[in-house]
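Sequence positions in the sequence shown follow the numbering used here and run 88 to 824.
No wet-lab data here; the hints were simulated from the structure. Check before you lean on any hint, since a few could be wrong.
[As the list claims (entries may be wrong)] Pairs of lysine to any residue residues, derived as SDA-like cross-links and limited to a Cα-Cα distance of at most 25 Å, are as follows:
(1) K581 with T531
(2) K581 with D601
(3) K551 with E498
(4) K622 with Q645
(5) K391 with G182
(6) K209 with T358
(7) K463 with S347
(8) K551 with S574
(9) K105 with R349
(10) K296 with S378
(11) K450 with E498
(12) K322 with T358
(13) K322 with E173
(14) K452 with I575
(15) K443 with V111
(16) K551 with F602
(17) K391 with G374
(18) K118 with K322
(19) K334 with E498
(20) K337 with A353
(21) K320 with K337
(22) K391 with N127
(23) K296 with I213
[What the hints assert, rightly or not] Restraint-style ranges between C-beta atoms, simulated for each label pair:
(24) K217 with I120: 53 to 59 Å
(25) G430 with R336: 47 to 53 Å
(26) S569 with F602: 17 to 23 Å
(27) L107 with L231: 24 to 30 Å
(28) D506 with R657: 23 to 29 Å
(29) S596 with I120: 50 to 56 Å
(30) D113 with S569: 47 to 53 Å
(31) N637 with G462: 30 to 36 Å
(32) R299 with C99: 43 to 49 Å
(33) R336 with G462: 44 to 50 Å
(34) F467 with K215: 49 to 55 Å
Glycine included, C-beta positions come from ideal geometry on N, C-alpha and C.
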Amino acid sequence: MTVDLNIPYSACELKRVKRLELGVLDPEIIKKISVCEIVNVDIYKDGFPREGGLNDIRMGTIDYRTLCGTCNMNVKYCPGHFGHIELAKPMYHYGFMNVVLNVLRCVCYHCGRLLCNVNSSKVKYIEKIKVNSLRLRKLAELCLGIRACDHSVEEEGLNINDNSLNNFYNNDLSNLNMNQQMLLNKSNYTNIFEMVSKEDVDCGCVQPKYSREGPNMYIQFLHSSEEDIDESKRKLSAEEALEILKKIRKEEMSILGFNSDRCVPASLILTCIPIPPPCARPYVQYGNQRSEDDLTLKLLDIVKTNIQLKRQTDRGAKSHVLQDLCSLLQFHITTLFDNDIPGMPIATTRSKKPIKAIRTRLKGKEGRLRGNLMGKRVDFSARTVITGDPNLNIDYIGVPKSVAMTLTFCETVTPLNYDNLKKLVERGPYEWPGAKYIIRDNGTKYDLRHVRRNSEKELEYGYKVERHMTDEDYILFNRQPSLHKMSIMGHKAKILPYSTFRLNLSVTSPYNADFDGDEMNLHLAQSHETRSEIKHLMIVQRQIVSPQGNKPVMGIVQDSLLAIRKFTRRDNFLTKEEVMSLLIWIPYWNHVIPTPAIIKPRALWTGKQIFSMLLQFDDMNIEDDKNDTANNKVGRDVNTNVNKDSSKMNTSGNYYYGNSTNDNTDDYLEKGNAYSRSGNNHPNSPLSIGDNINVGNVQQNDMSSPNNNNNNNKYIYIYIYMYMYLFHFIIFIFFLF
């Protein structure tokens, strides 16, 4: 469906966006993108948004009954449009106060020129700093020790560095109150410098000291006598700071770290505030009652205070009245952006609930960036607590049955899978493994929870069935934070009871996971292409060696590592029963065990002999430790203790032989240790004590050769035939009598 957005035709060539730059909105740009100015305190009139109010219809609509006054679209398609508030007095932006403070320390209070010499070696070095914020901070530190502007030139009969003028400003002006000083600055002293129109003419005057306390900026002239120091320190109004920032020349802005084409220092002072559209601050409906958003309430306070300040200024009110209104307006603007400033009162609603400011909505885990943009909820995913399970291979994940019955994979019905999908559909959505939906070739989707007629369950080639997750399905497993490549890897699912994800302990290292309550995310692959990529590119066996350090990132850990260390000690010996209970976990075992290390009086094997049988390859080396000196027979005998260095993530002591071999070895170590502690043979073992086993080249009394085994089979067949003939003879006698 296409929608006409009433966008005017543009002759500009369409190009792909290559980069994005962030900057500070200039007041002129704010007015240019604004569709209306907010001048009315009332939001609604006769139940409809009032023109000039905070919910002006020109900024967009959040009501299905009305259309946007700008784009003429309904609430579904209108993106919203910004308005603006013209402030009666310039105000500080709390987020830029540190930047403003550093800029003021770098420039002259009177002429706006840089206090330091731009041709000095220190300034040249600072200019090489690419990070603008760091460059400005270093420049401010350099200018802290400069107490006077060194630009002093006499021109057009005016001596800018005249002592009488400086004495007047430094001594007499400091004894006046703040309003008298501001009035004199505007009417007389500033006009004196406006008389000087030459580019290279500056003042050479003494510079004040700037400081900041919360949302307030202070200025202090250090030339005063000691008893007048407290009286010389006063608040620096945003209007006065704006006048200083406007004097900064364009060629010096780049030294300060500003781009004169996109952001000038004067833009850091607020003279115009953009108003977000109503769709960004919608009201909340409680039955017949309507509650406005916190941002709307705070903007309403700004509008009210701003209107009062304009009226009092036009009436020529007293200075303390204007100062109180300016402080109140500064408070509302500051708490609009940030309501968690230390040492500042918290803005609340009528119900004494703290207002949720813009910064609170953006920062943190629940903010717009991490909570919405970077942390979107996705389909076909699951999340729960993880627990360890040594019985699973490292490429398998134990998935709860409840999760498997919720997540689905869409399969197309073909002659190869028709019978299987038919069984899943017959089981339905409440029995695992089953199916949840049938999608016909015309796009009609049937929910099997509500289907009662068997005719609707019939399948045809080309239909699609959304079945439950089953064993061997490929999944992606992830633990946050995802800091490296191995933070998300491919696994195969194994459906198990209970309600936690289970994984092999050897695979916890790349995830940086433990079992103290950690949660992990599971994503079920939704296409055969995705399944193939997981199988061949992202599966755990392909991620054992890290491309960052070219070394393994996983290996046996915890109790298995401790057990294999003790298992390969010199004083550790195993009986035949213990050896057999361990060898049942080796699927490629050829039923031949090595010659016992001790034959008399009882056959005993060392742990190193059994551990060597795990290593099916012929080019294995294990680093010897300091206590054992041995000449390793490559891939045959391990004559050293296996420790953390030789069995885990250490490039100098690990054994390497392809991803699948290392994978299997870690699995057998985990499973073998788990069952060796129980002291019992596996109940499903095809071998038991007394089976025909070859012990090296030595035949023992309870172990026969393969030739004798064949002879025994012949006698078994003879006994079977004898019993069959006896059975037929008994039947014949029964029918005869």
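- Measure nothing beyond the straight line between the CA atoms of K463 and S347; if it is 25 Å or shorter, mark the hint as holding. Judged against 25 Å, a Cα distance of about 37 Å means the pair is violated.
- Query: Taking 25 Å as the top limit, are the C-alpha atoms of K443 and V111 close enough?
  - Reply: Holds, at about 23 Å.
- Can you let me know if the beta-carbon spacing of F467 and K215 is within 49 to 55 Å? 51 Å, holds
- Item | Holds or violated: K322 to E173, with C-alpha atoms at most 25 Å apart | Roughly 23 Å between the alpha carbons, so the hint for K322 and E173 holds.
- For the pair supplied as a hint, K296 and S378, confirm whether the alpha-carbon distance does not exceed 25 Å. Distance ~47 Å between K296 and S378 Cα, so the pair is violated.
- Between L107 and L231, does the beta-carbon spacing fit 24 to 30 Å? 35 Å, violated
- Pair hint K622 and Q645, alpha-carbon separation not exceeding 25 Å: Roughly 28 Å separates the two Cα atoms, so the pair is violated.
- Message: For K581 and D601, compute the direct alpha-carbon distance and say whether it is at most 25 Å.
- Response: Since the Cα atoms of K581 and D601 sit roughly 20 Å apart, the hinted pair holds (cutoff 25 Å).
- Message: Given a hint of 43 to 49 Å, does the C-beta separation of R299 and C99 actually sit inside it?
- Response: 44 Å, holds
- K551 and E498: Cα distance at most 25 Å? OK: K551 and E498 at ~5 Å, within 25 Å.
- Task: For the pair supplied as a hint, K450 and E498, confirm whether the alpha-carbon distance does not exceed 25 Å.
- Result: 42 Å, violated
- Query: Holds or violated: are the alpha carbons of K551 and S574 at most 25 Å from each other?
  - Reply: 33 Å, violated
Of the numbered hints given earlier, the model fails hints 1, 4, 6, 7, 8, 10, 11, 16, 17, 18, 19, 21, 24, 25, 27, 28, 30; all others are met.
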